[in-house]
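Student: Keeping their order, the protein sequence lines are chains A and B. The opening residue of the first sequence carries number 1 in my numbering; numbering runs sequentially from there. The opening residue of the second sequence carries number 1 in my numbering; numbering runs sequentially from there.
Calculated directly from the structure, the hints in this document are not laboratory data. Be a bit skeptical, because a hint or two may be false.
To be verified - Covered by chain B, per the in silico footprint, the following chain A stretches (three or more residues, Cβ under 8 Å):
1. 189-200
2. 426-437
Stated by the list, open to error - If the Cβ cut is set under 7 Å, some of the chain A residues that face chain B in the computed set are:
3. Trp132
4. Glu136
5. Ser236
6. Val239
7. Leu444
8. Phe450
Beta carbons: idealized from backbone N, C-alpha and C, even for Gly.
For reference, the chains in residue letters:
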Amino acid sequence: MKSFTFTCRVAVVAVAVVLWSVAASAVAQSTALPLDPAAAETLRGTLGGAFIERRIPLELTSGTRCDLRLSLQPDHVQHADRIADAAREALDQYDAWFAPYPFNQLTIVDVPWQSPHEDQRIAGVVTIRARWLQPERSLTLEAQVARGIARQWWGTRVNIPDRALADGLAEYAQSRTLERIFDRRHQRNNYSLLETRWFGGLVPWAIRAARLDRQTSGLNRAAFRRNPGVDLRDRSLVVRPAQTARVAAAITTLERYLGWPALQRGLSSAVRRYAGQSMTTAMFFETLGDAADRDLSWFVDQAFAPGSTYDYAVSGLTSIADETGACGEGPCYRTTVVLRRLGAAVFSGTSLLPVGPFESGRALEVEVRFADGQRSDDHWDGRAAEKTLVYLGPAPATLARIDPARTLLLDFNRLNNSRTLMPPSPAATLPWSVRWTIWLQDLLLSSSFFF
Amino acid sequence: MGILRTWFSGVWRVVRAPAVVTGLYVLILVVAAPLGAWLQLSLPSPGVVDIVDANDPPAPDVDWLDEVSLHAPGLARFLTPAVIGVAAPIGHLDAILDRRRPPMPLLIPIAVFFLCWTAVWGGVVERLAQGRRIGVSAAMAASRRSMGRLLILGLSGGAAYLILYLAVHAVMFGPLYEWLTDGAIERTAFIWRVALAVVFGVLLLALSQLLDFAKLAIILGRASVRQAVSDSGKLLRERLLTVMALLLFSGLGLVVLLGGYAASEFIPGGSVPSLARVIVGGQALILGRLLLRLVLAGGQVDLYLRSRSAS
Numbered sequence: 001m002k003s004f005t006f007t008c009r010v011a012v013v014a015v016a017v018v019l020w021s022v023a024a025s026a027v028a029q030s031t032a033l034p035l036d037p038a039a040a041e042t043l044r045g046t047l048g049g050a051f052i053e054r055r056i057p058l059e060l061t062s063g064t065r066c067d068l069r070l071s072l073q074p075d076h077v078q079h080a081d082r083i084a085d086a087a088r089e090a091l092d093q094y095d096a097w098f099a100p101y102p103f104n105q106l107t108i109v110d111v112p113w114q115s116p117h118e119d120q121r122i123a124g125v126v127t128i129r130a131r132w133l134q135p136e137r138s139l140t141l142e143a144q145v146a147r148g149i150a151r152q153w154w155g156t157r158v159n160i161p162d163r164a165l166a167d168g169l170a171e172y173a174q175s176r177t178l179e180r181i182f183d184r185r186h187q188r189n190n191y192s193l194l195e196t197r198w199f200g201g202l203v204p205w206a207i208r209a210a211r212l213d214r215q216t217s218g219l220n221r222a223a224f225r226r227n228p229g230v231d232l233r234d235r236s237l238v239v240r241p242a243q244t245a246r247v248a249a250a251i252t253t254l255e256r257y258l259g260w261p262a263l264q265r266g267l268s269s270a271v272r273r274y275a276g277q278s279m280t281t282a283m284f285f286e287t288l289g290d291a292a293d294r295d296l297s298w299f300v301d302q303a304f305a306p307g308s309t310y311d312y313a314v315s316g317l318t319s320i321a322d323e324t325g326a327c328g329e330g331p332c333y334r335t336t337v338v339l340r341r342l343g344a345a346v347f348s349g350t351s352l353l354p355v356g357p358f359e360s361g362r363a364l365e366v367e368v369r370f371a372d373g374q375r376s377d378d379h380w381d382g383r384a385a386e387k388t389l390v391y392l393g394p395a396p397a398t399l400a401r402i403d404p405a406r407t408l409l410l411d412f413n414r415l416n417n418s419r420t421l422m423p424p425s426p427a428a429t430l431p432w433s434v435r436w437t438i439w440l441q442d443l444l445l446s447s448s449f450f451f
Numbered sequence: 001m002g003i004l005r006t007w008f009s010g011v012w013r014v015v016r017a018p019a020v021v022t023g024l025y026v027l028i029l030v031v032a033a034p035l036g037a038w039l040q041l042s043l044p045s046p047g048v049v050d051i052v053d054a055n056d057p058p059a060p061d062v063d064w065l066d067e068v069s070l071h072a073p074g075l076a077r078f079l080t081p082a083v084i085g086v087a088a089p090i091g092h093l094d095a096i097l098d099r100r101r102p103p104m105p106l107l108i109p110i111a112v113f114f115l116c117w118t119a120v121w122g123g124v125v126e127r128l129a130q131g132r133r134i135g136v137s138a139a140m141a142a143s144r145r146s147m148g149r150l151l152i153l154g155l156s157g158g159a160a161y162l163i164l165y166l167a168v169h170a171v172m173f174g175p176l177y178e179w180l181t182d183g184a185i186e187r188t189a190f191i192w193r194v195a196l197a198v199v200f201g202v203l204l205l206a207l208s209q210l211l212d213f214a215k216l217a218i219i220l221g222r223a224s225v226r227q228a229v230s231d232s233g234k235l236l237r238e239r240l241l242t243v244m245a246l247l248l249f250s251g252l253g254l255v256v257l258l259g260g261y262a263a264s265e266f267i268p269g270g271s272v273p274s275l276a277r278v279i280v281g282g283q284a285l286i287l288g289r290l291l292l293r294l295v296l297a298g299g300q301v302d303l304y305l306r307s308r309s310a311s
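So that you can see chain A by itself, here it is in the shape it has in the complex (with noise of 0.2 Å):
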């Protein structure tokens, strides 16, 4: 009797579950919203040419249907799997982490080769600009599809005024999707391969050597480093890849400090808020903060001030014999470390003001090696121009960094944030110079071709 009312209950629970996902995923389908169904029509319209059309059914991990057209170039059909492999990863992914994909609809129009169509924002509707030979490690043209799907949350389900804040979530976001993808396909963790392009851009080559990182190249962190103080309200095309750089790796930077689940709620949050609605740069942040149950606005009021850029580095390491016996017995060290802030940014972690000699904040952290294997893990608050630590100890140090972690992406020199009294080992740069010199070899007999 027992066992039949156990098994009563069990089905009575599953056939309440299967009832619950169908009027989910009903009210899911129900609930997207409405699409202009001319958008994309008159879009291809305006661009001309003839494009090849294919449709593709997806169902989202959460149950979600969306309908996926793509309209291609002719001599890009060959593309399509892939397009709709990015389109399908980054529709779930974002789907989880931010909300769901809010129409039922997506179509990707593949924008002709060289037209001057600047890429607009229309919901359910993503451009990219394909290329014809396209290698298959380097993500270039997944990055462009994920970016552009991440659009469909951040500037048309949420309405971003501000555009390098709508760029640079999307980079963002793209950088994320891109990782998996390339972690699902060549089961390594990696953001792409770098591509050169030769013969006029024609010729693509994927260079297997140069594995990219999401948090570097995935951002077009090179974009940033040429120009860190960007002034985010400029609104030229020429600075646009620099901002987008610039918000993409303060978003990465608040994802290392406060953790991916504390951003990703935020994230999450700042759709569910101001969905239909605008949202401006501080009305982002406040969310982010009202997530992570933080206030965030040091960060944010240094990171995007025009002109302003972060620069910590370790300017001084010194390890001396001490005499003064302040070890006791044994051999002594005196080890002094010098920190300096050389951009005006601050990285604090916090808006508390210092009390006195004391410190407010410790956000970055400086890590000390020692002769003996023992390592000193110390925080700055960042804010003085300068700071010196001291250590005494039985063994001298060996190497002083600072943001070992390298969580401050936008730091824009990491050249000067370690320093070491060990000899310089060239094991690391040794194949740099080999691989230089033998480039250079070569220069000088192709150039061979002319005497």
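Since the structure of chain A is provided, determine the placement of chain B on it from the hints.
Tutor: Relative to chain A, chain B alone:
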């Protein structure tokens, strides 16, 4: 049959002159290696590398490289991912075709190499022409005898190349290419670019062959610069097919060499090779390219000598 005989004669002349191959290889190394050492000294450490296993090296850090090229002093500014693997030689060939010159400071080693190459080329050609050991003094005498005229020819040739690039290349790959590809799909643009590259490549090769045979006329025929160019033009007109075949063989050799070098990246462990593998593979490429250059020169010498004896 005569074409193959000329090419094999070139191969044979090079095979019998290992000292020439070694000497030119060492010359390339002597110009490049000190700069490589200088670069090594100016490279900052990419942070802490706790464990570096020579058999399993870390993948190159492209972001660190970008940082170095922006912040580091000296030659480190010219270090880019383009130096990795087959991207290096193909990038150089592409630069020739696409009119991209190396960074200004690197023109200095190229100029030094030009002077050294011109200084020894007389001896190299004399050795290839004799087909037997001639001794260092005879080679140096041949170099001394022709160096001045080779220098004038080289500089004049440089001016001719400059005109070719500034006048013809700029028009072909500028307004003409844009006009041809206006509204075209990328595949069509590629076909147009190949067509234009073939035309421009033919012009480049024609000029290079004119200069190459003029050098032979200076070294082996002891002609004046003007006479040498005239003789060279005449030889090209008379033996065009053989010259084209020599170039074709060299081109095929280069394709095979670069193909092999590129394929080595796909061998297990080849995508991020060990340092030893980078050195061996890279030097094999340089040696291969040098051999191809010398085999072409040997074939040209054979053709020049036969043409002279026939006339």
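Student: Take the hints in turn and mark each one as holding or not.
Tutor: Right, here's what the structure says about each hint:
1. With a cut-off of 8 Å between beta carbons, the segment 189-200 of chain A has 5 residues touching chain B; three or more are needed, and the interface restraint holds.
2. Evaluation of the coverage hint for the segment 426-437 of chain A: fulfilled, as 12 residues show C-beta separations to chain B shorter than 8 Å, against a requirement of three.
3. Interface restraint check: tryptophan 132(A) against chain B, minimum CB-CB distance 4 Å, threshold 7 Å, status holds.
4. Because the beta carbon of glutamate 136(A) sits about 12 Å from the nearest beta carbon in chain B, more than 7 Å, this interface hint is broken.
5. A least Cβ separation of about 22 Å between serine 236(A) and chain B goes past the 7 Å threshold, and the interface hint is therefore violated.
6. With 7 Å as the threshold, the beta carbon of valine 239(A) stays out of range of chain B, its nearest partner Cβ sitting at about 17 Å, so the hint is violated.
7. For leucine 444(A), the interface hint holds, the least distance from its beta-carbon to any beta-carbon of chain B being 5 Å, beneath 7 Å.
8. Because the smallest distance between the Cβ of phenylalanine 450(A) and any Cβ of chain B comes to about 6 Å, under 7 Å, the interface hint for this residue holds.
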